[in-house]
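Chemist: Sequence order for the protein chains is Y and Z.
So for the first sequence, our numbering puts the first residue at 123; every next one is plus one.
So for the second sequence, our numbering puts the first residue at 123; every next one is plus one.
Since the hints were derived computationally from the structure, they do not count as laboratory data.
Take every hint as true, because none was put in to throw you off.
Put simply, identical chains are the same to the list, so a pair is met inside one copy or across any two.
Derived SDA-like pairs (lysine to any residue); straight-line CA-CA distance at most 20 Å:
| no. | residue 1 | residue 2 |
| --- | --- | --- |
| 1 | K167 | L125 |
| 2 | K151 | M123 |
| 3 | K167 | R127 |
2 protein chains.
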Amino acid sequence: MILVRQEIGDVLRDFRLQKGRTLRQVASKASVALGYLSEVERGQKEASSEILASVADALDVPISIIMREVSDRISVLEGMRGFPDILPDDLVASIDAELVTH
Amino acid sequence: MILVRQEIGDVLRDFRLQKGRTLRQVASKASVALGYLSEVERGQKEASSEILASVADALDVPISIIMREVSDRISVLEGMRGFPDILPDDLVASIDAELVTH
Chain Y
123 MILVRQEIGD VLRDFRLQKG RTLRQVASKA SVALGYLSEV ERGQKEASSE ILASVADALD
183 VPISIIMREV SDRISVLEGM RGFPDILPDD LVASIDAELV TH
Chain Z
123 MILVRQEIGD VLRDFRLQKG RTLRQVASKA SVALGYLSEV ERGQKEASSE ILASVADALD
183 VPISIIMREV SDRISVLEGM RGFPDILPDD LVASIDAELV TH
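Take these sequences, add in the hints, and give me the full structure.
Modeler: Okay, here's the thing in structure tokens:
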């Protein structure tokens, strides 16, 4: 099952690293607990819409860009999962592993 | 503040109506309580990633398409809010109303 929170977490972390900011800096600017933001980035907690707006603002990235990136990544995962029969078994396994651990 | 759950709710409802399905049909197929799905559609409840995957599946719409549509709608809202000074006051007011009630 593709979980949106895992992709949102990855995208938030990637934007944060791209901008060279620490978890602590973003959590503080967004007025979010550091442990909570860390769990969101790891896909372990759902971010409420208010938290998402706050973190996007702290990162100076429009929410639409975050959701667009989330959509693009899910689209790749969906596309790859649509062809399990013509892909080598080890690639299918690695996609499944990606979906679980990511 | 732009709230992702309001756009997700709108998009889920629009896809459901587009496909001519009732709340009851989709809730039942997705194994989600009818009242809960109704609240999600109205932007009153956050849908967990599991519920979102389940509802997307029940609607036969890939999650990436749902998130893409959410991103597009938020992008329009963000774009319009970026120009409050050059827009007529009544249009700004109607955008704000849209953001609150939608």
